[in-house]
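Protein chains in written order, with the numbering used here: chain A, 1 to 139; chain B, 1001 to 1139; chain C, 2001 to 2080; chain D, 3001 to 3080.
Think of the hints as simulated: they come from the structure by calculation, not from any bench.
Under 8 Å between C-beta atoms, here's a sample of chain B residues computed to sit facing chain A:
no. : residue
1   : 1014
2   : 1029
3   : 1031
4   : 1106
Calculated pairs, DSS-like style, for lysine-lysine (alpha carbon to alpha carbon, straight line, at most 27 Å):
no. : chain 1 : residue 1 : chain 2 : residue 2
5   : A       : 131       : B       : 1025
6   : C       : 2015      : B       : 1059
7   : C       : 2028      : C       : 2040
8   : A       : 117       : A       : 59
9   : A       : 131       : D       : 3040
10  : A       : 131       : D       : 3010
11  : B       : 1010      : A       : 25
12  : A       : 25        : B       : 1131
13  : C       : 2010      : B       : 1054
14  : C       : 2015      : B       : 1125
15  : D       : 3022      : D       : 3010
Note that CB positions come from ideal geometry on N, CA and C, so glycine has one too.
This is what each chain is made of:
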Amino acid sequence: MKKTIIEIVKTLNVDVVYKELSDPKSGGICVFVGTVRDFTNNEEVISLEFETYKVMAIKEMQKIANQAIDKWNLNKVVIRHAIGGKGVEEPVVVIGASSGHRDACFTACRYMIDTLKETVPIWKKEVFKNKTVWVSAHP
Amino acid sequence: MKKTIIEIVKTLNVDVVYKELSDPKSGGICVFVGTVRDFTNNEEVISLEFETYKVMAIKEMQKIANQAIDKWNLNKVVIRHAIGGKGVEEPVVVIGASSGHRDACFTACRYMIDTLKETVPIWKKEVFKNKTVWVSAHP
Amino acid sequence: MELLFFGIAKDIVGKSSIDLSKNSSLPKSVEDVKLFLTKKYPDFSKLSSLAIAVNSEYAADDVVLNDGDEIAIIPPVSGG
Amino acid sequence: MELLFFGIAKDIVGKSSIDLSKNSSLPKSVEDVKLFLTKKYPDFSKLSSLAIAVNSEYAADDVVLNDGDEIAIIPPVSGG
Chain A
1 MKKTIIEIVK
11 TLNVDVVYKE
21 LSDPKSGGIC
31 VFVGTVRDFT
41 NNEEVISLEF
51 ETYKVMAIKE
61 MQKIANQAID
71 KWNLNKVVIR
81 HAIGGKGVEE
91 PVVVIGASSG
101 HRDACFTACR
111 YMIDTLKETV
121 PIWKKEVFKN
131 KTVWVSAHP
Chain B
1001 MKKTIIEIVK
1011 TLNVDVVYKE
1021 LSDPKSGGIC
1031 VFVGTVRDFT
1041 NNEEVISLEF
1051 ETYKVMAIKE
1061 MQKIANQAID
1071 KWNLNKVVIR
1081 HAIGGKGVEE
1091 PVVVIGASSG
1101 HRDACFTACR
1111 YMIDTLKETV
1121 PIWKKEVFKN
1131 KTVWVSAHP
Chain C
2001 MELLFFGIAK
2011 DIVGKSSIDL
2021 SKNSSLPKSV
2031 EDVKLFLTKK
2041 YPDFSKLSSL
2051 AIAVNSEYAA
2061 DDVVLNDGDE
2071 IAIIPPVSGG
Chain D
3001 MELLFFGIAK
3011 DIVGKSSIDL
3021 SKNSSLPKSV
3031 EDVKLFLTKK
3041 YPDFSKLSSL
3051 AIAVNSEYAA
3061 DDVVLNDGDE
3071 IAIIPPVSGG
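Bound conformation, chain A alone (with noise of 0.2 Å):
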């Protein structure tokens, strides 16, 4: 079995993430799904678009993964992560880690989605109803 599925996709389907996290190992099964809020600092937003430098992508998400495993001895992790346009409610990301014990997978969870959004080739344009915005390009 492998311990880590890691994946740049079209489109997500959340439904199945607990059938890859599941393991007789595991008492506990953390999953964090991102999704397209529909109002930003007061603006409503259409949607989001997401592009990727997907071969480097997958690198800093397979190490975040690792990471994770040895940090907290997880049994299995999933890091998928869409691109292409997201309507609001649409999921945009799945993380989730699946431990003995829910202390482990509560934090490595946490730490996964925050590492990614800080080191992972991944951009993120939001469409107002008058302009586009790169999220974070400027100070």
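Following the hints, put chains B, C and D in place on chain A, whose structure we already have.
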């Protein structure tokens, strides 16, 4: 739309929880699933048996959900616990929170599972090959 | 007045409920219930904790009981 | 030597890649790439940060470049 789903069920379907937590005002969804581990203190677990004082358990679960919603301004909450016999890898509890930003849903989800384990009248018996043990009953 | 037993409490008592309505002296408080139980079933003293719910709410020792109350004996919970 | 542009970097340059093979003087280090870009496209100076990846690994300013390297221009990431 109901903000909380509080249930005690025979069979847990974890795949529905995302649709239940999905919300246009949410940027993050955190879900914890407690599952049956194959070993406890190096002893092989055959199954877990859960029983509950249902009317009170539902009340206590609702209190936890309400506290979390008030404290972290959650958009949606699911607390669903299984009863009866559960084999290795089967889910026994699903806790989910949906919020504007990820901090709130992670913290709330952790708070809810921790508090459930302290206050909700549900009892777990570990079934080993040659004995059964009510968990936490004795010092 | 009915006492309900769950988990290990049910194993200790050997049944899931006791109807006290026919008893000559009903317990007057939550504390009375605990004294009654630990006296009649010494194994209750060995538990990590023992809580009582009155009409499905946790109740402190000094809570006064009424005839129609549903009293639940709550040994250490272990959900999740 | 190819430069790849993503996100806002692609908007600034107006294309997703530049082939430097025909240039007379190739950048010798990651720092050279940054100097080349900020000089030619001043908008790069306005970004919150600017990182460079060489062959799909983050590379510090002093990393030396070779002819066949794939150089990616990484403006502030914003996944998740």
